[in-house]
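Build out the structure end to end from the sequences listed, making use of the hints.
Those protein sequence lines, which keep their order, are chains P and E. Counted from 1, the first sequence has number 16 at position 16 by the working numbering; the numbering is strictly sequential. Counted from 1, the second sequence has number 56 at position 56 by the working numbering; the numbering is strictly sequential.
Hints are not guaranteed to be accurate.
Simulated coverage check for chain P against chain E, where a stretch passes if three residues somewhere in it have a Cβ under 8 Å from a Cβ of chain E [unchecked claim]:
(1) 34-42
(2) 52-58
(3) 178-185
(4) 198-204
The calculated PhoX-like cross-link candidates involving lysine-lysine, where the alpha carbons are at most 25 Å apart (straight line), are [stated by the list, open to error]:
(5) K9(E) / K96(E)
(6) K203(P) / K227(E)
(7) K227(E) / K131(E)
(8) K199(P) / K131(E)
(9) K52(P) / K260(E)
(10) K104(P) / K9(P)
(11) K52(P) / K199(P)
(12) K104(P) / K256(P)
(13) K260(E) / K102(E)
Hint data in this document are derived by calculation from the structure and do not stem from the laboratory. All residues carry an ideal CB built from backbone N, CA and C; glycine is no exception.
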Amino acid sequence: MKIILRYLKIWWLMSRNAFLAVLSQRIGFTIFLIGKILRFSLFFVFIIFLLKGTNSLAGYNLNQTLFFFLTFNLIDTISQFLFREVYRFRPLVVSGSFDLVLTKPVSALFRSLMGGADVIDFVTIPFLIMAVIYIGKLLNPSTLGILYYILLLFNGLILATAFHIAVLALGIITLEIDHTVMIYRDLTALARFPVDIYKEPIKGILTFLIPIGIMITLPAKALMGITSLMGVLWSLGLGGTALFLSLRFWKFALTKYTSASS
Amino acid sequence: MHKYFQIFKISFQQEFAYRLNFVMWRARNVMQIILTFFLWNTVFYDPSREVFGYNKEKILTYVFGILVLRAIVLSARAVDMAGEIANGDITNYLLKPVSYFKYWFTRDIASKTLNLSFAGVEALILFLILKPNIFLQTDFLMIILFIVSVAIAVTLFFYILFLVNLVTFWMPENGWAAQFLFVVILTEFLSGGAFPIDILPPVLQHILYGLPFPYLLFFPLQVYLGKISGLAIARGILTGGLWIMVLAFLTRIIWPRGLKRYSAEGR
Chain P
1 MKIILRYLKI
11 WWLMSRNAFL
21 AVLSQRIGFT
31 IFLIGKILRF
41 SLFFVFIIFL
51 LKGTNSLAGY
61 NLNQTLFFFL
71 TFNLIDTISQ
81 FLFREVYRFR
91 PLVVSGSFDL
101 VLTKPVSALF
111 RSLMGGADVI
121 DFVTIPFLIM
131 AVIYIGKLLN
141 PSTLGILYYI
151 LLLFNGLILA
161 TAFHIAVLAL
171 GIITLEIDHT
181 VMIYRDLTAL
191 ARFPVDIYKE
201 PIKGILTFLI
211 PIGIMITLPA
221 KALMGITSLM
231 GVLWSLGLGG
241 TALFLSLRFW
251 KFALTKYTSA
261 SS
Chain E
1 MHKYFQIFKI
11 SFQQEFAYRL
21 NFVMWRARNV
31 MQIILTFFLW
41 NTVFYDPSRE
51 VFGYNKEKIL
61 TYVFGILVLR
71 AIVLSARAVD
81 MAGEIANGDI
91 TNYLLKPVSY
101 FKYWFTRDIA
111 SKTLNLSFAG
121 VEALILFLIL
131 KPNIFLQTDF
141 LMIILFIVSV
151 AIAVTLFFYI
161 LFLVNLVTFW
171 MPENGWAAQF
181 LFVVILTEFL
191 SGGAFPIDIL
201 PPVLQHILYG
211 LPFPYLLFFP
221 LQVYLGKISG
231 LAIARGILTG
241 GLWIMVLAFL
251 TRIIWPRGLK
261 RYSAEGR
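Laid out in structure tokens, this is it:
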């Protein structure tokens, strides 16, 4: 408990510094915020017009399709808010400044993963949660469905954490972060729509091998009442395994760090 | 002319220097196409279905066309301009007998050549895997008009990118922010890259046609697909050309003012 409180305090300090750094560039902050809101709104509008013309997408109606999209955005935005520091990891490794992180009495993984929360995403999260609640209510979910949804949402965030840890580990080994993290983003973007739109074997790959289906599509399906308890338990098991494997990969990657250029 | 040919050659070789970066960038393009392909494939699950004026053949041609057109129109090295202005590296070019404008245009052409060759191979592989019905334009005149509209798109995008980068002269810290808004978000959505513009209501479409963005990807593809003809094509080419003139005029005004503002920070 003491360790958790200590890390919470460190996270708060690092996040406050990151917030202040971004807010000192008010124009940049405003432009990025406008850009993010525009991207979300334009996609939202696209889905509405698309479903107006087609009535359904892979058997899902407008509200259901919007709910998949909102769930994707919620998980994507929260993970970007928490793990923005990953995008700044490469210069640390390339320049050898990662040495300074390793020598501090704080977990190097914690520092590299959560060292600078993103204030722009933080601003959008409350509105996203409100939109999820509003559209979610229109789907008339059961209490169990809501419970599964929240549980699987956390599981989705655990999977997102595992992905980000793997990206960091890969960054140490290959010195390549920027495109790897963007490929992760593109992969998760494949779940903007339910993975049911994909044909086999892509659908299977997106569900089991790169489990973005479990990360994003499944929570939304759970709220709609089309996921079994077995499916929920199986997903939680996969989330735990992914996190365990990513931590092992991180430990392995650390042994490959050469401290070059430092 | 010789020096720009040398810049082209060096720039082309530079792209190979960061091979992993390039391969990953191409992989990202393919992934975006996979999402769009399956989305529309699901919408047109019935091959005889017609929605928003498209049948399955034409919408899937649109998706593949986007993959190739992105490589021709949107791949550009001039995105690095903002960084050069912000950290003072632009000074190196100002002291050399080289036009900064032509320098970046040449580098863009090198990037487009490489990206196009990769996009061609990717489109072929995806075609063989996904086996979509593709619409082949056989009307020679439409092919010529398509090439003209692509040339307009390439020039237009270069001017947009160049102008957006000039913002860095006034806001050195926010060059990337301006690029994010205009190049990543507005260009992606308003050019027809994310979805065909004609699924939007007519009022919105008319507003968009007054902007330069639809002439980057959407308009050339409409010409290729034969969805517009005669007067609409002429109007589109004219509007695209008009936007080039407006942006070229703005560049002539803003570039010298930016240089006056420039104080070689970081040098």
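Against the structure, the hints:
1. 34-42: This one holds; 5 residues, not fewer than the three required, reach chain E with a Cβ under 8 Å.
2. 52-58: The restraint on the stretch 52-58 of chain P holds, since 4 of its residues have a Cβ under 8 Å from chain E and three suffice.
3. 178-185: holds (count 5)
4. 198-204: holds (count 3)
5. K9(E) / K96(E): The hint holds at about 18 Å.
6. K203(P) / K227(E): The given pair, whose Cα atoms are some 33 Å apart, is violated under the 25 Å limit.
7. K227(E) / K131(E): With a Cα-Cα distance of about 23 Å, the restraint between K227(E) and K131(E) holds, given a limit of 25 Å.
8. K199(P) / K131(E): Since the Cα atoms of K199(P) and K131(E) sit roughly 13 Å apart, the hinted pair holds (cutoff 25 Å).
9. K52(P) / K260(E): 52 Å, violated
10. K104(P) / K9(P): Cα-Cα ~16 Å, so holds.
11. K52(P) / K199(P): 24 Å, holds
12. K104(P) / K256(P): 19 Å, holds
13. K260(E) / K102(E): OK: K260(E) and K102(E) at ~20 Å, within 25 Å.
Consistency note: the structure conflicts with the earlier hints numbered 6 and 9.
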